[in-house]
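Participant: Here's the letter readout for the chains.
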Amino acid sequence: MDKCIIVGLPESGKSTYIGAFWAIEKDGDTGHKLVCSKYPEDTTYLDSLKKDWNSQRMVNRSNQLEMKNIVLELTDTIENKQISLCIPDFKGERFSNILQNNISSEVEDWLSESDSVLFFIKYTEIDILQEEMEENPDAQTSTTPTVLRLKDMSEWSKNIMLLKYINENYDNIRKYTFCISAWDKVDQEQYPTAESWLKSKSPLFFNYLKHNLKKYSLYGVSAQGLDYAEYPQGETRETIQQRTEQFKRAYVYDTEQSYDITKPLYSLLTD
Amino acid sequence: MAGDINDVLLGEKPLQIPQMESAPKNAPIEVDTAFLYEAYTEDNIVDANFDINPELITLLGLDEYGKSTFVGSFYHLLRTRESFCGFSLIDTDTIAGFERRLYLRTLNDEGKSDVKRTRRKKGSLLNLRLIDSDNNPRHILLSDGAGETYRECLSKDSIVMEQIAVKAANRLLIFVNCEEFNEVTKPWKEDLKALLKRFDDNSMLPENATVYVVLNKFDKASEISPETIESYINEVKSIIEKHLAIEDNCIFRVNSKGLFADNIDEGLTNLISEILKTVQVNRSLYKDLDWISNAIKDNK
Numbered sequence: 001m002d003k004c005i006i007v008g009l010p011e012s013g014k015s016t017y018i019g020a021f022w023a024i025e026k027d028g029d030t031g032h033k034l035v036c037s038k039y040p041e042d043t044t045y046l047d048s049l050k051k052d053w054n055s056q057r058m059v060n061r062s063n064q065l066e067m068k069n070i071v072l073e074l075t076d077t078i079e080n081k082q083i084s085l086c087i088p089d090f091k092g093e094r095f096s097n098i099l100q101n102n103i104s105s106e107v108e109d110w111l112s113e114s115d116s117v118l119f120f121i122k123y124t125e126i127d128i129l130q131e132e133m134e135e136n137p138d139a140q141t142s143t144t145p146t147v148l149r150l151k152d153m154s155e156w157s158k159n160i161m162l163l164k165y166i167n168e169n170y171d172n173i174r175k176y177t178f179c180i181s182a183w184d185k186v187d188q189e190q191y192p193t194a195e196s197w198l199k200s201k202s203p204l205f206f207n208y209l210k211h212n213l214k215k216y217s218l219y220g221v222s223a224q225g226l227d228y229a230e231y232p233q234g235e236t237r238e239t240i241q242q243r244t245e246q247f248k249r250a251y252v253y254d255t256e257q258s259y260d261i262t263k264p265l266y267s268l269l270t271d
Numbered sequence: 272m273a274g275d276i277n278d279v280l281l282g283e284k285p286l287q288i289p290q291m292e293s294a295p296k297n298a299p300i301e302v303d304t305a306f307l308y309e310a311y312t313e314d315n316i317v318d319a320n321f322d323i324n325p326e327l328i329t330l331l332g333l334d335e336y337g338k339s340t341f342v343g344s345f346y347h348l349l350r351t352r353e354s355f356c357g358f359s360l361i362d363t364d365t366i367a368g369f370e371r372r373l374y375l376r377t378l379n380d381e382g383k384s385d386v387k388r389t390r391r392k393k394g395s396l397l398n399l400r401l402i403d404s405d406n407n408p409r410h411i412l413l414s415d416g417a418g419e420t421y422r423e424c425l426s427k428d429s430i431v432m433e434q435i436a437v438k439a440a441n442r443l444l445i446f447v448n449c450e451e452f453n454e455v456t457k458p459w460k461e462d463l464k465a466l467l468k469r470f471d472d473n474s475m476l477p478e479n480a481t482v483y484v485v486l487n488k489f490d491k492a493s494e495i496s497p498e499t500i501e502s503y504i505n506e507v508k509s510i511i512e513k514h515l516a517i518e519d520n521c522i523f524r525v526n527s528k529g530l531f532a533d534n535i536d537e538g539l540t541n542l543i544s545e546i547l548k549t550v551q552v553n554r555s556l557y558k559d560l561d562w563i564s565n566a567i568k569d570n571k
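Line by line, the protein sequences give chains A and B. Each residue of the first sequence is one higher than the one before, starting from 1 at the first, in my numbering. Each residue of the second sequence is one higher than the one before, starting from 272 at the first, in my numbering.
Simulated from the structure, these hints should not be mistaken for lab results. Everything hinted at is true.
Covered by chain A, according to a simulated footprint, are these stretches of chain B (three or more residues, beta-carbon under 8 Å):
no.	stretch
1	305-319
2	341-353
3	356-365
Glycine included, each C-beta is placed from N, C-alpha and C at the ideal position.
Please put together the full structure from these sequences, using the hints given.
Facilitator: Here it is in structure tokens:
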């Protein structure tokens with residue numbers, strides 16, 4: 001069975017996607033490409049994420065529940081191929097620690113045992129320095145702190161560093177699917193494909209994928225389905241609840257929108 | 272305190288930023304972390320496994336001459352465009368090194384001096400992997416040595432002898448700080464003469480490099496007349512020509528900070544375009560692919 005690990009820096013949308021995935025796909029009655037073969041032994045953490053998602057509130061990353069390694073076994077409904085989605089028992093901070101040369105043995109073990117990566121990227125319009133430099137090249141913001149911290153780096157640069165580390169050190173990982181989170185914020189008329197958006201927002205990241213990875217897929221993902229702080233015109237909590245029950249709330253996007261949020265994982269099964 | 276600073280410069284311990292007077296007593300002290308993909312140092316570049324022999328472009332100039340600003344701008348223009356001057360940036364092994372140089376621009380002078388003290392230990396060699404529109408690869412290695420070190424070269428042969436990246440350069444970018452043109456005493460003139468003479472006397476100038484003169488901060492030479500500026504440029508050219516051959520089309524008037532959204536500085540674009548459009552790899556000195564390692568080993 002192919003093993004896929006979910007990877008991403010903090011606040012990249014992994015937990016929200018997992019919460020939505022569990023809420024929608026756990027009983028396999030959606031008609032989507034992949035179904036859950038069976039429940040994991042302990043779903044306490046998944047149920048907590050699901051509850052937040054169902055309640056139309058931000059998934060609580062910092063809940064005090066003990067995280068455990070979770071493996072979701074998924075089956076392709078047409079060709080009967082199988083893939084396991086591995087959700088490690090650590091938060092995105094472990095991945096950002098890699099960027100500071102602090103690579104834990106747990107992370108190494110997970111990556112060494114995986115065939116593919118579901119890589120989440122936080123939706124980012126523009127990087128920290130780009131705006132400052134282009135609007136006011138002479139801007140000098142502060143004296144303290146003067147050391148470069150991880151949060152001072154552009155989000156895209158951090159993602160390239162993490163991807164580069166995985167790509168260069170784990171030959172066992174043959175396929176990647178990239179998920180840009182909070183896709184509901186993207187103007188889809190201006191960016192008809194996920195690729196066109198990426199090319200515009202981070203040409204370096206796009207060029208890295210194109211020239212350094214053998215196989216990858218790219219999706220926009222709106223796991224929440226909307227921005228909770230600003231409901232779309234005409235939508236209310238009641239209408240969103242209806243969408244939730246009809247499995248028409250969370251969606252993914254590559255060249256078109258789909259409510260089948262298993263598609264990013266399904267692409268890891270196809271050649 | 273002096274002992275602490277010496278320990279930092281010698282690499283004995285990391286820099287610890289002193290607490291500000293207004294900071295709470297228990298405020299954490301920031302430590303400069305080493306990230307993945309920092310700039311190469313001359314020690315660890317010998318372990319780099321380059322599949323394509325890089326072209327070495329060395330930036331020569333004193334502190335505050337804008338070398339790192341130029342490097343940051345070069346990187347920024349490439350990273351924010353699918354292609355620039357016909358080339359696409361597809362990878363770099365020194366992304367954190369570039370990010371440090373971009374970050375430097377956001378600090379005022381006091382902040383910069385702290386960062387620069389630690390940056391001297393963080394490495395000065397940064398690489399860019401590019402492809403052109405026909406998918407032909409290019410590999411560039413930029414040497415952005417600390418300006419403070421070059422300032423020490425004004426007075427010490429021993430420091431000059433350590434500047435292998437100058438001697439091995441395929442292209443040499445000599446920076447001049449045009450803001451100093453405003454000063455009647457012409458500090459730029461004596462510094463340039465002394466720097467090049469020391470390097471030449473010690474046979475540390477590159478033998479076959481293409482030389483570029485980067486008249487940086489050109490927009491800041493605002494207090495003198497255009498005629499005076501031109502006469503100063505001729506003086507700069509004369510000084511350099513005593514030691515190195517330069518062509519007229521290799522003198523660039525640049526504002527390295529000129530990254531305005533609608534209007535990138537023309538001099539900056541022209542210089543980068545010139546660097547990218549032709550490959551300069553001298554194979555006469557070192558035949559092996561690992562020529563940088565050999566250059567460093569031979570000099571040790």
